[in-house]
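There are 2 protein chains.
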Amino acid sequence: MKVEHQNEAATGPQMCRTIEVAPPPPPPAFAHRHLPPPPPEKVVAAVPAAVEDRDREGDDLFIPPLNFAMVDNGIFRSGFPDSANFSFLQTLGLRSIICLCPEPYPETNMEFLKSNGIRLFQFGIEGYKYIDLLPSAQMDSSCSSYAPACVLPEPFVNIPEDTIREALKVVLDVRNHPVLIHCKRGKHRTGCLVGCIRKLQRWCLSSVFDEYQRFAAAKARVSDQRFMELFDVSSLKHQPMSFSCSKKYNN
Amino acid sequence: MKVEHQNEAATGPQMCRTIEVAPPPPPPAFAHRHLPPPPPEKVVAAVPAAVEDRDREGDDLFIPPLNFAMVDNGIFRSGFPDSANFSFLQTLGLRSIICLCPEPYPETNMEFLKSNGIRLFQFGIEGYKYIDLLPSAQMDSSCSSYAPACVLPEPFVNIPEDTIREALKVVLDVRNHPVLIHCKRGKHRTGCLVGCIRKLQRWCLSSVFDEYQRFAAAKARVSDQRFMELFDVSSLKHQPMSFSCSKKYNN
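Which chain is which? The protein sequence lines are G and U, in order.
Start counting the first sequence at 1; every next residue gets the next number (the UniProt record's numbering).
Start counting the second sequence at 1; every next residue gets the next number (the UniProt record's numbering).
One or more of the hints may lead you astray.
Said to hold, decoys possible - Straight-line C-alpha distance at most 30 Å; calculated DSS-like pairs for lysine-lysine:
#, chain 1, residue 1, chain 2, residue 2
1, G, 184, U, 219
2, U, 184, G, 219
3, U, 184, U, 199
4, U, 199, U, 219
5, G, 219, U, 219
6, G, 199, U, 184
7, U, 199, G, 219
8, U, 199, U, 169
What the hints contain is simulated information worked out from the structure, not anything from laboratory work.
In this text the structure is predicted, and so the values were computed from the model without any measurement.
Just chain G, same shape as in the assembly (with noise of 0.2 Å):
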């Protein structure tokens, strides 16, 4: 059953396109990879030798999605993947993905959300970069904390603060998880969002910029970190997290 409806949460039109392709999965397939600890003297096998021959003999080798990485517990990132990386997708068990691009998404890829009963949550941000002449008094509101472009030493690059914020509300909800985060190439836009995290997570600024420029390389553009550096997580503290930055998880 395909079914395709606006995001309650969503405060504008077109903001989140939820497409569930398949009934949610049942089990969290994510928590159960976390082995309880083995036997204190022997770390054994959980499955026969016979099994984990088969699984990892051969030439079967797995191509993960460009710029791919783990963010933290449940969560992923990359670029856009392909038909060639599905099979390192189903080894992750995910529970949804968050496409940050703005184009319908592939059919190829939506039959293999289909098959492995994944949600897609598409947030469209535009990827190109364009310069706003406008004055500031005419910039819409996600503009808000930006100067006018006008001023700016390079191409202002219009990453939707509300669209971010929308898309941060399914990254934390861990009903979601294990959630892979991608766009185009995993660097502005999936970059940005990561961003976000760490703020919430309490990273401070430098480390922030160090992991964007990490997966931006050469790419980088000072516009997103400044998006990142003026992003307010104030109105998120209260949200639940399961990072391991979170303390609460810890006592």
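We have chain G; now place chain U onto it with these hints.
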């Protein structure tokens, strides 16, 4: 109690110096951070709001160590942590640290380990480059997979295969998780060890190199990549893995 002894599995002297600075912490802190799925209708905070405020407000931001990242469930990587990073490291609930540097571990860091019940596994691998001018016949067995340095296009960097193999065993033992792997800058020695983990996870070599280069950046070494390419994981294939790429935990 400070106990210093040779790792039983080590095949040579000083391959691994294991230092227990305190009794192992009883609770598996990392596992506790994974919340059970919240009630279906509403995600609720697990701690009182007042505690949340105290945790997340104020100026006390976390400073992750240089090149910090999550490798997989229960496995982190970074450059050498210093006292500025300790409050961040505490949030990870580490059980152990794998240090790949040969120098004596700094006293401040030892105190941190002691007060947090973290076990240190030290595998001393030299970090500097040197040109090995010995003919191939005189190279020791750990270098047997390399061509003689004199024909390599760059200085030969000695990543000792046996030491990496012993370090891998520590990484794969979930009793040591959560574990932080670090060297000096988190680029070469750490990058090689993580690359071997990725091979165990059956990542294709181009993805292994892509990740290595993301951290090493301009300092990437062909010899490190050659080491990872030649590293044979077949003898480790019967080790249990709690990785996200281990299919057995998704069934």
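* Asked: Given the proposed pairing of residue 199 of chain U with residue 219 of chain U, does the C-alpha separation stay at or below 30 Å?
  -> holds, 22 Å
* Does residue 219 of chain U lie within 30 Å of residue 219 of chain G when you go C-alpha to C-alpha? -> Answer holds: residue 219 of chain G to residue 219 of chain U is near 18 Å, not above 30 Å.
* To do: With a cut-off of 30 Å on the C-alpha distance, tell me whether residue 199 of chain U and residue 169 of chain U pass.
  => The given pair, whose Cα atoms are some 14 Å apart, holds under the 30 Å limit.
* Please work out if residue 199 of chain U and residue 219 of chain G have their alpha carbons no farther apart than 30 Å. => holds, 28 Å
* **Hint consistency between residue 199 of chain G and residue 184 of chain U [alpha-carbon to alpha-carbon, up to 30 Å]** => holds, 26 Å
* Do the alpha carbons of residue 184 of chain U and residue 199 of chain U lie within 30 Å of each other, as the hint requires? -> Since the Cα atoms of residue 184 of chain U and residue 199 of chain U sit roughly 23 Å apart, the hinted pair holds (cutoff 30 Å).
* Agreement of residue 184 of chain U and residue 219 of chain G with the hint, judged by alpha carbon distance not exceeding 30 Å -> Distance of about 27 Å is within 30 Å: holds.
* To do: Starting from residue 184 of chain G, check that the Cα of residue 219 of chain U is at most 30 Å away, please.
  => holds, 27 Å
Hint compliance for this structure: no hint is broken.
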